[in-house]
Amino acid sequence: MLSQGLVKKVLDAALERGAQFAEVFVEDTYQSELRLIDSRPSNAVIGRLKGAGVRVFYGHEQVYVTTNDLSEAGLLKAARTAAAAKPAPGAGVTRVEPKAFQPQSFDQIHHYLTKPWEYDSGRKFQHLVTMDKAARARSGMVSQVEPFLLEKCQRILVANSDGVWAEDERNYVRAGCNVSLEDKGSRESQHTRAGQLGTSEWFDTVDFQKLATDAVDRAALLIHADFAPAGEFPVVIDNGFGGVIFHEACGHGLETTSVAKDASVFCGKQDQKIAEACVTAVDDGTISNAWGSLVVDDEGMATKKTVLIENGVLKSYIVDDMGARQTSFARTGSGRRQSYKYAPASRMRNTFIAAGTTKLEDMIRDIDYGIYAKEMGGGSVSPGTGDYNFGVTEGWLIKNGKLEKPVKGATLIGRGIETLGRITKVGTELRLQDGMCGSVSGSIPTTVGQPAILVSKILVGGRAAASTGGAK
Amino acid sequence: MSSLETQNADLFKNMEAKFQHLEALAKKDGVEIEMLVERGETLGLSVSQGKLEKFDSSQTQVGGLRVILGGVEGYSWTESFETADLEAAYRDALESAKFTSRGEKDLKSLVELWKGSSVSSEDRSLFNDSTDKVSLDAKIDRAKLLELKSKERDPRIANVPYNRYSETAGEVMVFNSKGVRARQRRTGVMGYTYCLAKSGEGLKAESRMAGESFFTRNALQVPIDEVTASAAAKAVAKLGAVSPETGRYPIVIDCEVAAEVFGLIADYFSAKALAEKTTIYGKEKDPAANLGQVVGSSVLQIEDDPNLEGGVGNRPFDSEGAPTHKTTLVENGVLKSFLSNSVYAKRLGLPHTANASRGARSQLDVGPSNLVVRGGKESLETLLKSYPKVIYVTDFTGYHAGFQHGSGAFSLQSEGELWENGKRVKPICNFVVAGSIDEMLKGLEKVSSRLSPKTSNVVAPDLLISSLSVAGA
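Here the protein sequences line up with chains A and B, keeping their order. At position 375 of the first sequence (counting the first as 1) the number is 375 in the working numbering, and the numbers step up by one without a gap. At position 222 of the second sequence (counting the first as 1) the number is 1222 in the working numbering, and the numbers step up by one without a gap.
Worth flagging that the hints you see were computed from the coordinates, not collected in a lab. Given the structure is predicted, the values throughout are model-derived calculations rather than measurements. Cβ atoms here follow ideal geometry from the backbone N, Cα and C, with glycine treated the same way. Where hints are given, some of them may not hold.
Unchecked claim - List time: in silico DSS-like cross-link candidates among lysine-lysine, alpha-carbon distance up to 25 Å:
| no. | chain 1 | residue 1 | chain 2 | residue 2 |
| --- | --- | --- | --- | --- |
| 1 | B | K1133 | A | K77 |
| 2 | B | K1133 | A | K50 |
| 3 | A | K133 | B | K1277 |
| 4 | A | K405 | A | K457 |
| 5 | B | K1277 | A | K210 |
| 6 | A | K261 | B | K1234 |
| 7 | A | K133 | B | K1283 |
| 8 | A | K8 | A | K99 |
| 9 | B | K1285 | A | K184 |
| 10 | B | K1204 | A | K457 |
| 11 | A | K261 | B | K1283 |
| 12 | A | K305 | A | K273 |
| 13 | B | K1336 | A | K273 |
| 14 | A | K261 | B | K1151 |
| 15 | B | K1198 | A | K269 |
| 16 | A | K184 | B | K1442 |
| 17 | B | K1098 | A | K152 |
| 18 | A | K341 | B | K1051 |
| 19 | B | K1098 | A | K261 |
| 20 | A | K261 | B | K1051 |
| 21 | A | K86 | B | K1133 |
| 22 | A | K261 | B | K1442 |
| 23 | B | K1283 | A | K184 |
| 24 | A | K8 | A | K210 |
| 25 | B | K1204 | A | K269 |
| 26 | A | K457 | A | K269 |
| 27 | B | K1204 | A | K273 |
| 28 | B | K1234 | B | K1426 |
| 29 | A | K50 | A | K341 |
| 30 | B | K1144 | A | K86 |
Said to hold, decoys possible - Only part of the chain B face toward chain A is listed, based on derived beta-carbon distances under 7 Å:
| no. | residue |
| --- | --- |
| 31 | K1054 |
| 32 | S1057 |
| 33 | T1060 |
| 34 | S1076 |
| 35 | S1080 |
| 36 | T1083 |
| 37 | A1084 |
| 38 | D1092 |
| 39 | L1094 |
| 40 | R1102 |
In isolation and in its complexed conformation, chain A is listed as follows (with noise of 0.2 Å):
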């Protein structure tokens, strides 16, 4: 994408204020949306993203800056940008030198073939009008969907004073369908994903017409739900997306990017029990084709299989470079970032609870009153206090053992290292599901997943029935 000289003179330029350590990272990335709506196309637009940001370090201190000029002297402009973040260096400071580039190869483990531009148009449309199709078929309560089609091919550089010098290309493929149902004054709106780290040709692998019809069947079955009750009790959270509590209520909170700070509750606590001995939860970016796994990260560190937490106890925390500088963790190849337009952060890539032993009907036979979570939707956290919340986009009222009714309106709150020590139980069959990540370095593409979880007692926000101090 550049050549060797013109990056060393950049990362010279860089460097050129006594600063330790300089990148440069750059991208040129094609991507592709189409969407329907009122079963014609509404939405169709081709991105190209072309830039590059240029990262030092002062010690702890990161500077970064980015430009769309990847001429000699944008680039140059922006390396000395980056420098005069500092005051000249005074004598005896000792300039860096950069190490000569050492272009590193990886092992290819995901399968490219088609890109977006060399699928034929057409099948896209058709692949829209099939999910389309389905949905309004499924359930006269239909009143909108919404299906999309999305598709990127990001190609990447980075290299830095290390030596570092690597090149990747990443394509990513997503489908996915809205739709809102309407009945009797009452509407109910879901969605379903589905996306993997591919290209084009995975389209001819998706079973659209499922992808629209779950959607229309789990909104067909909440519209006219009660509402989940409200206050603490036991809840079930079934595999797949479920995923998604760790995620929030753990994960976040095990990137040095909170750690270095000391804002995360799970700061001091490596090799601690932080959790049942159930429970084992590995961040793995190196799955064939899986959403979040990569060949190399955003600092040009090969990615790899990180034990976060191994029967209960913590082994790891997920680390990028200034977090390693920062904290003296290893680094486990997760820095990553959305698009040059950010500098990389520790973040997660796949990350799930190992299966277990316990089946979930077991799990659920066990409960006199609580919820089972079948589907979650999104969710958040605050490192440094833990709190969390996600909602659940398929719940269930369990009754002595047996699942009564479906109910909606549930959102489950915690903290995350309260709710990681109340996971008593964990089933036999583990599931991973796609999901967009946000946090300081983008929203970036992530897997969560899990078996089923019994988690002895969590908060559920669902509707009061009495009214406490003067409600009308």
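Given chain A, work out where chain B should sit, using these hints.
This is chain B only, laid out in the frame that chain A set:
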């Protein structure tokens, strides 16, 4: 004219020449074309533990193309303004338009570009050179002061992990083949500080986080003292919080939280959402028949104001280049208007309110300039003593998890205070407030005279809701 202004005038002419090149290509292909250019420079300074943790500087420019082929739209965008890249983006937009032209067409849905004339704004309330008058070192000191002053406010502030001072200077240009030439520049200075208050040890250890932000267009007047005092006070006030008893309570929603909630539902007032059936206010098939419906209690007054004093979203023209004006949306609880752009005004037969909203990377949408919920005459304290027992919500968290846009139902993680007989009894946390937007707005009893700070393009007063569900202990 100063050298900087000359340079900027040249830049506009340069961009116009690039557009004219594309316009000539479009004419040959028999299509109409619009180019929206966004250019900007940002500086961000993050401080942690007394040190400059991050220095971010960016220069971006992006051109968003919108091509109209036989009444349907295609979009593309590019960050490179080299002729070859612009031409490639034009071909992408044309390809997108061809994709969009598949399927059945509806005459009322056929799109035309907005036909207008030149609008150029050098409104000094939106754009000034105050950021040039503050040195970089002084800006870094400001970021450091955010942390230092927050920490000094109270010994229980154990850590101030997130502190940021940032500036933006940007401009938007709109060119189209129907004669629109519009340009607007704007500057902004923003910042925030988040304090972590701690108390207790071991199993009794407790930590609470709170933050405060600011926005100004004048870099010479940055409210560091006010922001740090507020953030620290909010964090400390949360210590000792307990979960309230589950039940239904009268709820007072803090004005800053209320502004967030109205931001979530701004789309309900969009003509595009009405056409796409994603607003809860689209009950009737005839678009105009939805006007006049009761959406809230009689105290609810909402308007869109593109010229609000100090408004973050002020703009002389919308994203199609149409001159903006004030629009009343809700009067005494009754829906009076939907916001529209030229496309959806025509499609639905509604008045054109000049509320086109579009980033260079996205398609044409509808959005408010500044959504303003008007305040009343009573103080926050009066609202809090309206009932023997009131929950005062100071924070809602997790809107994307707890808010169902399609139905308006919400179930939101909350923090706040319990008030009894007009007195603050204790801080409360770990509870969920649940209800629906319809229930909330129709149950609106009073609004305060105090309005939320203008840190976003939504402004609202404190709200007293007669009753909402609370899930707690």
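Tell me, which hint numbers fail for this structure?
-> Structure breaks hints 2, 11, 13, 19, 22, 24, 36, 37, 39.
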